[in-house]
Amino acid sequence: MREKNRIYNPFRAIPIVDPKEVLDSAIKKALSLSPPKVRKNGLTRAKIVILNRIQYICDRLVSKFSSIINATPNLNRLDKFYLSILNVYSDVNVFKRLLGRISGSIRVIKKLSDEYRKAIRSISPSSYIDEKVAIRQVHRLWRQYLARVSSFIDKIEDAFKNL
Numbered sequence: 001m002r003e004k005n006r007i008y009n010p011f012r013a014i015p016i017v018d019p020k021e022v023l024d025s026a027i028k029k030a031l032s033l034s035p036p037k038v039r040k041n042g043l044t045r046a047k048i049v050i051l052n053r054i055q056y057i058c059d060r061l062v063s064k065f066s067s068i069i070n071a072t073p074n075l076n077r078l079d080k081f082y083l084s085i086l087n088v089y090s091d092v093n094v095f096k097r098l099l100g101r102i103s104g105s106i107r108v109i110k111k112l113s114d115e116y117r118k119a120i121r122s123i124s125p126s127s128y129i130d131e132k133v134a135i136r137q138v139h140r141l142w143r144q145y146l147a148r149v150s151s152f153i154d155k156i157e158d159a160f161k162n163l
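Position 50 (the sequence shown) corresponds to 50 in my numbering; numbering is contiguous.
If you are wondering where the hints come from, they were derived from the structure by calculation, not from laboratory data. Warning: the hint list may mix true and false statements.
Claimed, not checked - Here are the computed lysine to aspartate or glutamate pairs in the DMTMM-like style, where the Cα-Cα straight-line distance is at most 25 Å:
1) K96 / D158
2) K64 / D130
3) K29 / D114
4) K40 / E157
5) K37 / E131
6) K29 / E115
Please read these numbers as outputs of a predicted model, since none were measured by experiment.
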C-alpha cells in the first residue's frame, strides 16, 4: 500500500534532447519520403513533395520539444525537497525561463513552417514564368526554410543544454 503513495524523482521522465540531432534526423527522414503517386505536372508534384517535407519536419520538431514540456513536472506542485535540489542545480526562475524558451520555440517553428507553406502554395507558372523557373523557386524556398530553421535551432540550443 505504501508503494503506491510513494513519490519518485519527478525529473527522471524529462527526455534529454539535442535539437540539432532532432533536426538532422527529421531532415534525413523528410528527404527520404516517397514522392506522391499522382499524375500531375512537375510543379504540382514538386510542391506536394516539399510541402510534405516541411510538414514532417515541423511535426517532428514540435513533438520532440513538446515531449520535454509535457514531461517536466509542475513546479508549483513540486515537493520542497525537489525544489531545493533544483535551486542548488539552477534557480527555479531560470528553469522556468528555459522551459518558456522551449515552449516559445514550438510556436516559432510552427509559424516558420506555415509561412513557407503559404509561400510555396502561392507559386504558380504564369505567362512570364515557365514551369522550370517555378520549380526552382519552390526548391529555393525549401532551402531557405531549412536555413532559417537551422539558424533558429542554433539560437535556442543553449536552452536545451542548460535544461
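Here is how each hint holds up against the structure:
no., hint, result
1, K96 / D158, "holds (14 Å)"
2, K64 / D130, "violated (40 Å)"
3, K29 / D114, "holds (20 Å)"
4, K40 / E157, "violated (41 Å)"
5, K37 / E131, "holds (20 Å)"
6, K29 / E115, "holds (22 Å)"
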